[in-house]
Amino acid sequence: MRFEAIVVGVSSGGMNAMKVMFSHLPKDFKTPVIVVQHIGAHTDGHWIRLLNDKSNLTVKEADEKERIESGKVYIAPANYHLLIEKDKTFSLTIGERVNYSRPSIDVLFESAAEAYSNKLIGIILTGSNHDGTKGVKRVKECGGLTIIQNPETAESAYMPKSAIAASKPDHVLSLEAIAELLIELDKQI
Amino acid sequence: MEITPLLEAFFQKYSYDFRHYSEAHIRRRIINRMNVSGLESIDQMQSRLLTDEVFASEFLQDLSITVTEMFRDPGFYRSFREKVIPILKTYPFLKIWHAGCATGEEAYSVAILLQEEGLYDRTTIYATDFNQHGLSQAEEGIFPSKMMKDYTANYQLSGGKESFSDYYTSNYDSVIMNKSLKRNIVWANHNLVTDSVFAEVHVIFCRNVLIYFDNILQNKVQRLFHDSLINGGILCLGSKEGIRFTELFDRYTELDKKQRIFKKRY
Ligand SMILES: C[S@@+](CC[C@H](N)C(=O)[O-])C[C@H]1O[C@@H](n2cnc3c(N)ncnc32)[C@H](O)[C@@H]1O
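Residue numbers (this note's numbering), protein chains in the order written: chain Z, -7 to 181; chain L, 93 to 358.
Bound conformation, chain L alone (with noise of 0.2 Å):
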């Protein structure tokens, strides 16, 4: 089954390229898409995309997968803590940018994180995102409480110093984040593969994104990155994550290694 030309396609009708993603990935989902909605031929399935725009943004759905948890890998927050908070307290102001943001819990966590060492009042974090789902929940802040016993867990982990619990308020089966944690952050839509650099910042959180791109769109990815990065900013990537296979590998040092946070040479 040859996925190529429906991705093509795809990208003429709406804009949106997938044509360096992940085979595999795709052509897994485009199956999973054509089993549930009873499709039986890849052709079927593309003129349905081509005509039908409601299934058409469902398949775009299907394709931005927003797995994410606060505070994943608590053993890389607690690095960043050690590691790169030491280096932001010298700037008067702070950027961040975290791309490819999901619902919002990333950057949730960094605000909470930037809060607890006082850098908070002088951040802009910048989540962005190309599934307007995905950012319109995480503009609300709403997460269901069956979480929050793993995200107590992973804050501790990663060397939260106050009680989790005064991040949010329950309601039910939801928590609501406080108001004060979204005070600073911008929410956008921003798609890494066809968007441009929008602002100069200290540091890039792209986390388990990269990962469904190939090669070639994670070189230009990154030199998107690199471009948006000041001398010396912070650039984190997924625990699977690295640079070492594209192209602008020696432009950075390595902050932590088995942490995946880089710094850009000056």
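Next up, chain Z with everything else stripped away, as it sits in the complex (with noise of 0.2 Å):
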């Protein structure tokens, strides 16, 4: 595979886009996807298994000290930052908010850069505050490839502006047109 894994970042409208984009990749996606997205400290699981309804890949919460493992999606538990460690498996911290936000877009983003430099793609979905701004960056900056979801498309258009304002992407595109190019590289070797 060219691309190792996917970092995915995301807040307000977050659901709705993340339903969209996950129907559309099939059984037989391999890269596994890695997603922040901002949600109160108090929720429980439930909005995850409901993911998982909807997908055709297993949708799960992403565990301390767990394998990252191909054809799988994971999303950072509430309250905790989700890291990614050089031999691919994940770490939870409770550190402080970043950008007023655990998890944290740019904590995942940071660690991932690190951990799969030029093999690593990173999303920014619709939202409302900077954060990934930076997380996009870095991993830009370390040969990875950035997609940002079309602010003109996204429930809310500040997080992704603020991506394309602060590095320029290789993608600007809408949800369906993110999961085509990802069904497509995903196929590359």
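These aren't lab readings, by the way, just hints derived from the structure by calculation. Each residue gets a CB set at the ideal place from its N, CA and C atoms; glycine is no exception. Hints should not be assumed to be uniformly reliable.
Just so you have them, the derived chain Z footprint on chain L, three or more residues with Cβ under 8 Å [said to hold, decoys possible]:
id, segment
1, 108 to 118
2, 291 to 304
3, 328 to 335
Take each chain as given, in its own frame, and dock them per the hints.
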């Protein structure tokens, strides 16, 4: 695989966006997808099960020390930062909030860029704060591919706009087009 | 950027061993500190650490994340009340260890719970951390008033039986916890990586500490806990922590799987 992992950052409007995106990905989609969605500290994993039902892939909460496997979608648990180690396992921490957020998109993206360097795809979707802006920049600096949801198609345009302004992304696309591109990239050796 | 040499040098000089902490976490803290202090390379960072002890102790604070709450995860405390308290009532005296107590909120929560269950008089709580700063704050028992709304909600959800505000006295923007709660708490500096067993205890709370450790260190600390617990003793971990991936998995039974409460086998 040309790319070994996909990280996704999404905030307000995220539930719908993820439903659209993940329902487009086929059952044999290999590249693991790792998501930070901003969510209240006390939500249980119910919405993750909901997403799992809507998707052809296994969608699950990321566990501490869990090894990242192909064909799975991992979601950061509420109230923890999610980081990726060099050996492609997850770490969870309860540090201070970053950009008022825990989990924070920047925290995931920056650690993922370190772990996967140019074999990483970073994606920013709808959202109303600037978390992820630094992270996506870092993905790019490390040679990864960056994709931002077209702000005009986003429920909340602020986060995609902020990410676009800070670093020239490789693609700016609608959700459906992002899914199509991912499917194509997933097939490349 | 390679961080291992810096951690190695830090250990040699100061005896604090972070070589088996989560690499991604430590890296993040190092980069933050470098940015804040205007250091441009990891080499610069390392030599500053080795020559400037004030800077080194700041760095130590950076690596000790003391984010905590009273009655954090109310469901856990509720389960503790229901499933663990009946077991504890069978002992004539109790020793409880809070490993990684940060600024003390968890130890005060348990003191409150034990008092309500009529067990506090026969209990000694050892609350330990390697962060001396946090320990001093814990010992003072002074917390910001603005947190009390959340803590009260947590307390009520956890099955609290009284009015939470009876446990502290307000003073402008801070509150001080009642003396009667501190009476049986011993605050002590203890490093889980380098220090050893110091008491045989009935219960260990080590919540949200092991997540910062790699597998090797988790195993080591789990052995320390196993050695410190009496047979039938209780181990309470954080809501995302488990022993499934450690060597000691089969030495415990699960009292509450979801709330991560384990009982050492006889
Ligand atoms: C996030 S706090 C957890 C506080 C509390 N147990 C809770 O769950 O709310 C983590 C604490 O672990 C402590 N800690 C980290 N490494 C340690 C070590 N090697 N020995 C003792 N304490 C340590 C830190 O100083 C910090 O206070």
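Now the hints, each set against the structure:
1. Under the rule that three or more residues need a Cβ within less than 8 Å of chain Z, the assignment of the segment 108 to 118 of chain L holds, with 4 such residues.
2. Coverage of the segment 291 to 304 of chain L by chain Z holds. Counting CB-CB distances below 8 Å, 3 residues qualify, and the rule asks for three or more.
3. Here's how the segment 328 to 335 of chain L fares: 3 of its residues keep a CB closer than 8 Å to some CB of chain Z, so the rule of at least three is met and the hint holds.
Comparing the model with each earlier hint shows no violations; every hint is respected.
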